[in-house]
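K.L.:
Kindly generate the complete structure, drawing on both the sequences and the hints.
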Amino acid sequence: MSIQIACKNVSLGYEGSIVTEDLSFSVSSGDYLYILGENGSGKSTLVKALLGLKPQISGEITRGEGVAAGQIGYLPQQTVVQRDFPASVREIVLSGCLSKSGLRPFYTAAERASANAAMERLGITGLAKRCYRELSGGQQQRVLLARALCAAGKILLLDEPVTGLDPKAQVDLYEMIGKLNSEGVTIIMVSHDVGAAMRYASHILHIGSHKQLFFGTAEDYAKSSVGRTFIASEEAENDD
Amino acid sequence: MTEIISTLHEFFQFSFVRYAFIVGLLIALCSSLLGVTLVLKRFSFIGDGLSHVAFGAMSVAAVTSLTNQNLIVLPVTLISAILLLRTGQNTRIKGDAAVAMISVGALAIGYMLMNIFPTSGNISADVCSTLFGSFSILALKPSDVRLCVIMSIIVIGTFIFFYNKIFAVTFDESFAKATGVKAELYNTLIAVITALIIVLAMNLVGSLLISALIIFPALSAMRLFRSFRSVIICSAVVSVVCAAAGILLSILVSTPVGSTIVVADLAVFLVFSLISKAVRRSVK
Ligand SMILES: Nc1ncnc2c1ncn2[C@@H]1O[C@H](COP(=O)(O)OP(=O)(O)O)[C@@H](O)[C@H]1O
Ligand SMILES: [Mg+2]
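In the order they appear, the protein sequences are chains A and B.
In terms of the working numbering, the first sequence has 40 at position 37, counting the first letter as 1, and numbering is strictly consecutive.
In terms of the working numbering, the second sequence has 428 at position 221, counting the first letter as 1, and numbering is strictly consecutive.
Hints should not be assumed to be uniformly reliable.
[What the hints assert, rightly or not] Calculated pairs, DMTMM-like style, for lysine to aspartate or glutamate (alpha carbon to alpha carbon, straight line, at most 25 angstroms): (1) A/103 - A/123; (2) B/484 - A/222; (3) B/389 - A/114; (4) A/214 - A/34; (5) A/51 - B/380; (6) A/157 - B/217; (7) A/226 - A/238; (8) A/51 - B/391; (9) A/182 - A/163; (10) A/103 - B/391; (11) B/389 - A/34; (12) A/132 - B/391; (13) A/182 - A/63; (14) A/182 - A/222; (15) A/51 - A/137; (16) A/103 - B/217; (17) A/57 - B/391; (18) A/226 - A/186; (19) B/248 - A/137; (20) B/389 - A/68; (21) B/248 - A/87; (22) A/171 - A/68; (23) A/214 - A/196; (24) A/57 - B/380; (25) B/484 - A/87; (26) B/389 - A/41; (27) A/171 - A/114.
[As the list claims (entries may be wrong)] Example chain A residues on the side facing chain B (calculated, C-beta under 8 angstroms, incomplete): (28) 34; (29) 79; (30) 88; (31) 91; (32) 134; (33) 138.
In short, the hints are calculated from the structure, not lab data.
From a predicted model like this one, the values you see are computed outputs, not experimental measurements.
Positions of the beta carbon are idealized from the N, C-alpha and C atoms, including for glycine.
P.N.:
Right, here's the structure in full:
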């Protein structure tokens, strides 16, 4: 269980305004970390910091071996692809290999093979020649997951991947991500779906307004007062 | 039919016709390659703005009666391309306003200068040929052709070399950045190549019609094809064929070269739209 990413007293924000302060947590290989929090609490901002796209205001982010910036598989929140974008599934999955290709203008046979393997793993081999925009929401997310796998086989960072999917597609995607985790891929999942978090997560990071409310194992979270309140409020909402 | 062929055969005896053909096809090829990316990234406004900037720069060059106009036009257009891209990225609305300001401003200054310092007796003809392309494509010197060939090789080579990165940055910039692709660098590269193409294409179709050369083949290809690569290839073929047809037609029936090419592009767009409608209907 080696630590892959550790944050110590990290504060994040945009041009002077602090979004969230004093985050301290760590992710070890094989973990399934859920980052919970209301809209606007700074989850996506944290994701950008973990990816190395956005420097933190203060604090320290350390990355272990093989998870340097650029080696983390990323599934952005709502990839806004224009409605008329022509791109085949294979083209998109292959573009995940760019992180390793440096200045080389073409993909190698090994990279093509890894793209094929990623598609196989996510059950989308049959869609390889299809146009991305003609797929269902669930299929599209699988394509983007396969692309993330090509970029990094060890750790995936997923920003609200099930948003906008119908319930069945949500369950399918959760199962798929759970399967990848059981195969040893570290998962960091951003969500506000506490139900799914209790089902799949090994660890939970809960961000409130401007501060960290909880970090620990999912079991401890369910027993904590923060966790119990949040779970109860979500259940009440679902009963409406 | 045989009559037409013999006329064409006769025309191709002239070196200026061959030059026009080479230059025309190369420009069409270059602009169509970039066109797909520009359309998909919603950057086509940059092409439009730049062409007006190039017009302004061209009139300044004409007024100062520089022998090599490109000495002014090229750097001005390049710098504007980078500036427009920067402002366009910050906030959408401000970017659009900036483009409108720069392009209309450049048009006004250009037209004013041409009037204050007329270089020939016929200002409206000068303006018209700068805006809509001139017959100067039929009066190319070997040095013009050489410049065009070199620039085209640079553009096409850059495009092929960075094809995969350009795809990634066009499709999903945030993912590309996360995997360590220098998205800003490639955006700048795209803007710079666009500026090169616009300067090249000024002579062929004029500054008002350049956007058409960039956008139409891409839009046509997107009607029929579903993968990035096939759209690029189709767009290149459409653009080259339309340019060839346009140049030939303009020689045969002596219409203006630029607008004939654009009309051919428009015709293909309409045909492709109809085909895609028909295909979709038959699928349903
Ligand atoms: N590019 C940005 N510039 C300035 N503020 C931003 C930017 N992106 C997000 N914010 C602000 O940061 C806060 C957190 O946003 P975000 O990280 O997207 O939240 P979440 O993903 O949890 O919904 C919000 O108040 C948002 O307005
Ligand atoms: Mg978010």
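K.L.:
Can you name, in rising order, the numbers of the hints this structure does not satisfy?
P.N.:
Violated: hints 2, 6, 11, 12, 13, 15, 16, 18, 22, 26, 27, 28, 33.
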